[in-house]
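Student: Required output: the full structure, derived from the provided sequences and hints.
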Amino acid sequence: MTTVQDAGRLTTFEDNDQKPIGHGRMLRKEDPRLVRGRGRFTDDIKLPGMLHLAILRSPFAHAKIISIDTSAAAALPKVKAVVTGADLAAQGLAWMPTLSNDVQAVLATDKVRFQGQEVAFVVAEDRYTARDALELIDVEYEVLDVVIDVRQALAPDAPVIRDDLDGKTNNHCFDWETGDKDATEAVFAAADVVVSQDIVYPRVHPAPMETCGAVADYDAVEGKLKLWSTTQAPHAHRTLYAIVAGLPEHKIQVISPDLGGGFGNKVPIYPGYVCAIVASIVTGKPVKWMEDRSENLISTGFARDYIMRGEIAATRDGKILAIRTDVLADHGAFNGTAAPVKYPAGFFGVFTGSYDIEAAYCSMTAVYTNKAPGGVAYACSFRITEAVYLVERIVDCLAAELGMDPAELRLKNFIKPEQFPYTTKTGWVYDSGDYEPTMRLAMDMAGYADLRKEQAEKRTRGELMGIGIAFFTEAVGAGPRKDMDILGLGMADGCELRVHPTGKAVVRLSVQSQGQGHETTFAQIVAEEIGIPPADIDVVHGDTDNTPFGLGTYGSRSTPVSGAAAALVARKVRDKARLIASAMLEVSVADLEWQKGSFQVKGDPGKSVTIQDIAMRAHGAGDLPDGVEGGLEAQICYNPSNLTYPHGAYICVVDIDPGTAQVKVRRFIAVDDCGTRINPMIIEGQVHGGLTDGVGMALMEMIAFDEDGNCLGASLMDYLIPTALEVPDWETGFTVTPSPHHPIGAKGVGESATVGSPPAIVNAVVDALAPFGVRHADMPLTPSRVWDAMRGAPQPPI
Amino acid sequence: MQVSMTVNDVEVSEEIEGRQLLVHFLRDQLGLTGTHWGCDTSNCGTCVVWLDGEPVKSCTVLTAMAGGHEVRTVEGLAKNGKLDPVQEGFVQCHGLQCGFCTPGMLMTARALLDRNPDPTETEIRQAISGQICRCTGYASIVRSVRWASVHEAQAALDATSAPESDAADEAKQAQEVSS
Numbered sequence: 001m002t003t004v005q006d007a008g009r010l011t012t013f014e015d016n017d018q019k020p021i022g023h024g025r026m027l028r029k030e031d032p033r034l035v036r037g038r039g040r041f042t043d044d045i046k047l048p049g050m051l052h053l054a055i056l057r058s059p060f061a062h063a064k065i066i067s068i069d070t071s072a073a074a075a076l077p078k079v080k081a082v083v084t085g086a087d088l089a090a091q092g093l094a095w096m097p098t099l100s101n102d103v104q105a106v107l108a109t110d111k112v113r114f115q116g117q118e119v120a121f122v123v124a125e126d127r128y129t130a131r132d133a134l135e136l137i138d139v140e141y142e143v144l145d146v147v148i149d150v151r152q153a154l155a156p157d158a159p160v161i162r163d164d165l166d167g168k169t170n171n172h173c174f175d176w177e178t179g180d181k182d183a184t185e186a187v188f189a190a191a192d193v194v195v196s197q198d199i200v201y202p203r204v205h206p207a208p209m210e211t212c213g214a215v216a217d218y219d220a221v222e223g224k225l226k227l228w229s230t231t232q233a234p235h236a237h238r239t240l241y242a243i244v245a246g247l248p249e250h251k252i253q254v255i256s257p258d259l260g261g262g263f264g265n266k267v268p269i270y271p272g273y274v275c276a277i278v279a280s281i282v283t284g285k286p287v288k289w290m291e292d293r294s295e296n297l298i299s300t301g302f303a304r305d306y307i308m309r310g311e312i313a314a315t316r317d318g319k320i321l322a323i324r325t326d327v328l329a330d331h332g333a334f335n336g337t338a339a340p341v342k343y344p345a346g347f348f349g350v351f352t353g354s355y356d357i358e359a360a361y362c363s364m365t366a367v368y369t370n371k372a373p374g375g376v377a378y379a380c381s382f383r384i385t386e387a388v389y390l391v392e393r394i395v396d397c398l399a400a401e402l403g404m405d406p407a408e409l410r411l412k413n414f415i416k417p418e419q420f421p422y423t424t425k426t427g428w429v430y431d432s433g434d435y436e437p438t439m440r441l442a443m444d445m446a447g448y449a450d451l452r453k454e455q456a457e458k459r460t461r462g463e464l465m466g467i468g469i470a471f472f473t474e475a476v477g478a479g480p481r482k483d484m485d486i487l488g489l490g491m492a493d494g495c496e497l498r499v500h501p502t503g504k505a506v507v508r509l510s511v512q513s514q515g516q517g518h519e520t521t522f523a524q525i526v527a528e529e530i531g532i533p534p535a536d537i538d539v540v541h542g543d544t545d546n547t548p549f550g551l552g553t554y555g556s557r558s559t560p561v562s563g564a565a566a567a568l569v570a571r572k573v574r575d576k577a578r579l580i581a582s583a584m585l586e587v588s589v590a591d592l593e594w595q596k597g598s599f600q601v602k603g604d605p606g607k608s609v610t611i612q613d614i615a616m617r618a619h620g621a622g623d624l625p626d627g628v629e630g631g632l633e634a635q636i637c638y639n640p641s642n643l644t645y646p647h648g649a650y651i652c653v654v655d656i657d658p659g660t661a662q663v664k665v666r667r668f669i670a671v672d673d674c675g676t677r678i679n680p681m682i683i684e685g686q687v688h689g690g691l692t693d694g695v696g697m698a699l700m701e702m703i704a705f706d707e708d709g710n711c712l713g714a715s716l717m718d719y720l721i722p723t724a725l726e727v728p729d730w731e732t733g734f735t736v737t738p739s740p741h742h743p744i745g746a747k748g749v750g751e752s753a754t755v756g757s758p759p760a761i762v763n764a765v766v767d768a769l770a771p772f773g774v775r776h777a778d779m780p781l782t783p784s785r786v787w788d789a790m791r792g793a794p795q796p797p798i
Numbered sequence: 001m002q003v004s005m006t007v008n009d010v011e012v013s014e015e016i017e018g019r020q021l022l023v024h025f026l027r028d029q030l031g032l033t034g035t036h037w038g039c040d041t042s043n044c045g046t047c048v049v050w051l052d053g054e055p056v057k058s059c060t061v062l063t064a065m066a067g068g069h070e071v072r073t074v075e076g077l078a079k080n081g082k083l084d085p086v087q088e089g090f091v092q093c094h095g096l097q098c099g100f101c102t103p104g105m106l107m108t109a110r111a112l113l114d115r116n117p118d119p120t121e122t123e124i125r126q127a128i129s130g131q132i133c134r135c136t137g138y139a140s141i142v143r144s145v146r147w148a149s150v151h152e153a154q155a156a157l158d159a160t161s162a163p164e165s166d167a168a169d170e171a172k173q174a175q176e177v178s179s
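Chains as they are written, first to last, in the numbering used here: chain A, 1 to 798; chain B, 1 to 179.
Don't read these hints as lab results, they were simulated from the structure.
A few of these clues could be false.
Unchecked claim - What the simulated footprint calls covered on chain A by chain B, stretch by stretch (three residues with Cβ under 8 Å from a Cβ of chain B suffice, anywhere in the stretch; the number is not a length):
| hint | segment |
| --- | --- |
| 1 | 199 to 210 |
| 2 | 310 to 321 |
| 3 | 504 to 517 |
| 4 | 723 to 736 |
What the hints assert, rightly or not - SDA-like, lysine to any residue: derived pairs with alpha carbons at most 25 Å apart:
| hint | chain 1 | residue 1 | chain 2 | residue 2 |
| --- | --- | --- | --- | --- |
| 5 | A | K46 | B | R146 |
| 6 | A | K664 | A | G745 |
| 7 | A | K664 | A | V506 |
| 8 | A | K78 | B | E15 |
| 9 | A | K29 | B | E17 |
| 10 | A | K46 | B | E15 |
| 11 | B | K79 | A | D44 |
The beta carbon of each residue, even a glycine, is placed where N, CA and C say it ideally should be.
Tutor: Listed below in structure tokens is the structure:
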């Protein structure tokens with residue numbers, strides 16, 4: 001702690017400026033460049049002779065393309081190329097695979113299927129001219145009927161959106177089920193109490209502050225493509241470009257420089273990236289494409305859009321017996337969901353939550369609509385946001401039905417610590433957990449009993465105060481590769497560690513930070529294992545030519561997968577160092593013990609060699625032990641044996657103005673358990689960010705459409721994101737239940753708060769509205785929607 | 001058209017298109033890429049710079065309108081290689097993650113402290129309410145600005161209570177800021 005005398009009052013700050021050799025609070029290595037404005041984001045890249053690309057997008061949600069006249073645009077001075085879908089089709093590039101094995105148009109050829117779909121692109125000498133030229137492209141459309149109401153997508157007379165697919169005569173995308181239908185049916189039939197509730201998780205958008213974009217630089221002589229792009233998964237992208245574009249993989253270098261946030265928005269391959277590559281090949285010049293905010297909101301990966309019916313069965317005294325759900329999923333015009341192949345609904349199967357129940361079943365139908373493609377984005381841990389929202393909402397509905405306190409109901413039904421590893425009724429093996437202490441800590445921090453007293457008093461005065469609880473269990477860190485792959489690429493991650501002769505090191509990762517602070521965290525993981533200070537460890541990431549292969553950063557998988565790889569590669573180097581140390585100290589390996597940073601002879605602390613001494617010896621003159629090669633480096637590829645299952649207890653306190661129906665989040669208490677904590681400062685930051693996302697989704701954010709398919713959330717004036725005024729000062733706490741299978745016991749944390757906070761906030765609002773007889777109201781809980789709820793008419797948003 | 005202005009204390013004179021936005025002039029023409037472009041509609045604030053000492057959103061200012069005026073960007077915050085206390089506060093208090101909104105936040109925060117050296121949490125939240133951060137949840141940004149406020153006040157107090165030579169004084173302040 002630093003204490004400073006501040007104009008007569010004392011102010012204390014947590015002392016962050018520690019320099020742990022390993023885990024602990026440490027300032028970030030990224031920050032010195034970023035606070036000076038010297039980050040290097042994709043749009044900061046300027047190459048000699050670079051041209052600018054702009055994309056013409058469809059104004060209609062569903063329309064046949066009759067003709068496209070590009071002559072006026074092509075004739076504009078400083079325009080270098082105008083390309084349409086027909087031009088791409090001639091090269092076999094008009095369509096590309098999506099991450100879910102569907103196809104998506106790069107540029108529309110036959111018809112447009114959502115508003116904002118890519119129709120043509122212009123390449124010009126500057127970005128203003130490129131935009132001017134878009135205005136000169138004349139497209140004749142024949143407008144078609146649209147499918148916007150997802151509930152009507154499978155109606156017999158619904159227009160068929162995906163007539164590009166052979167034999168497609170409806171808008172059905174896929175069916176999926178999990179759990180035991182009959183067993184669940186039997187439990188429901190015999191239960192004392194059954195509660196059901198329709199619950200909508202509306203379409204939202206991650207909207208990172210940096211939009212998506214790319215700079216493509218194709219060298220025709222070398223045949224090499226260098227692509228800087230806003231991608232969370234540079235290696236996966238490179239392989240897919242090789243497969244799609246037919247470029248040899250060793251001739252493609254994907255560089256993901258500093259990213260201005262991602263939240264899943266930067267996982268898919270977007271048509272714009274492919275257009276930039278084509279443009280560079282066609283013009284022979286480097287080409288930059290940066291979308292604007294509207295393009296980001298109307299065309300890139302959205303999230304959620306699940307219409308759910310949740311049912312819960314219980315005994316009269318509050319033992320939860322079974323959970324059942326039926327889901328209608330809107331996947332937009334193309335199935336662009338980023339999810340492991342065998343998991344079309346992501347990890348929604350964890351909808352049984354943190355509770356020990358007897359049976360569970362889910363059936364899901366996914367459909368195409370005339371909306372932007374996507375489906376998994378916005379820090380959702382592959383649909384766990386939807387699953388946790390469903391279970392935590394329906395548990396609160398049950399508490400209301402039973403007249404039981406929602407905290408008490410949860411405590412009564414938690415999976416017990418001795419039951420781990422716990423296999424859920426939908427087949428997920430929770431690795432570790434100790435839920436009650438986490439819940440109790442949150443309740444203590446909140447002063448739960450006092451809050452309930454305060455609420456009771458306020459209710460007598462007609463004041464609207466709500467207390468909402470959510471308890472979540474997440475499943476993060478995909479693979480294992482035997483179960484999980486994306487388009488055939490196994491979800492494992494490589495890591496390479498090289499110790500230089502002077503004892504400094506470089507560690508190379510296959511994952512890519514979007515603000516999570518990998519340059520700091522991964523230096524700390526390696527430091528903990530090998531005793532080299534983090535400041536002496538350079539972290540290289542986001543460049544396929546200079547890092548080992550791996551699937552990238554999303555679904556909170558960096559620490560569970562790549563973090564494990566970093567720890568294990570460091571241990572491999574340490575094992576080699578031990579052999580060299582034994583030679584240097586002239587004792588057997590068994591007589592050495594590791595003191596973080598050095599090997600010393602057991603019982604003789606005076607005799608030791610540091611890792612730096614060993615590094616020099618590994619590279620220096622003189623013999624090494626038999627069978628030991630020179631150098632001090634190692635590489636591994638880590639295939640996780642299971643996901644990690646972090647958990648947390650969140651409590652939200654809201655006040656609602658009865659005159660305006662404005663919801664104010666007064667307090668938010670978040671207790672997270674992500675296992676071993678590497679850098680608590682960074683963890684807290686991740687949690688704060690996710691909680692703010694939760695306020696946005698619960699109270700403000702929604703990508704809505706009108707009946708013609710016009711996107712009504714196409715700018716930040718229409719799609720509302722929380723500012724500093726809408727969120728409270730967060731109150732965070734933690735418990736530590738290490739993962740038994742992760743080398744350092746760590747679990748992912750990046751998405752926990754985004755997953756856990758929306759139900760806590762909605763539960764608080766519904767709790768505040770209990771005097772009006774409200775049992776459920778859908779997000780976003782804007783004043784007008786809360787007003788409707790107060791008048792007994794809460795309507796679903798879609 | 002030709003436009004002249006002072007950017008980070010340096011006189012610049014450039015040929016521009018009349019419709020050019022200041023954010024593009026700074027980024028594309030002067031290479032000052034610390035100022036970012038995030039929305040076009042004045043909502044996100046990643047493009048905030050100072051025009052004659054006042055924060056403005058450079059995505060909605062024409063370059064021509066800045067002609068004859070003084071512009072300051074994030075690159076002009078540090079003095080003689082020493083970070084401004086606001087920059088140091090953001091580092092100390094984890095006031096940034098991806099760093100994309102940070103330059104705009106820093107410019108607004110510095111301007112706030114210049115007119116109100118001891119802002120309350122609410123005043124800080126109001127000052128940055130025209131800007132969006134998707135990563136931090138704002139609490140750490142508020143702490144970062146408070147850190148700068150407190151450390152500047154302490155540095156000023158030290159300077160008046162213990163009159164020493166200028167050089168020693170400066171050294172002490174520097175130590176204060178970096179501790």
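Student: Look at each hint and say if it fits the structure.
Tutor: To see whether the hints hold, each was checked on the structure:
| no. | hint | in the structure |
| --- | --- | --- |
| 1 | 199 to 210 | holds (count 5) |
| 2 | 310 to 321 | violated (count 0) |
| 3 | 504 to 517 | holds (count 4) |
| 4 | 723 to 736 | holds (count 6) |
| 5 | K46(A) with R146(B) | 37 Å, violated |
| 6 | K664(A) with G745(A) | 37 Å, violated |
| 7 | K664(A) with V506(A) | 47 Å, violated |
| 8 | K78(A) with E15(B) | 17 Å, holds |
| 9 | K29(A) with E17(B) | 39 Å, violated |
| 10 | K46(A) with E15(B) | 19 Å, holds |
| 11 | K79(B) with D44(A) | 23 Å, holds |
Hint check: violations occur at hints 2, 5, 6, 7 and 9; the rest are consistent with the structure.
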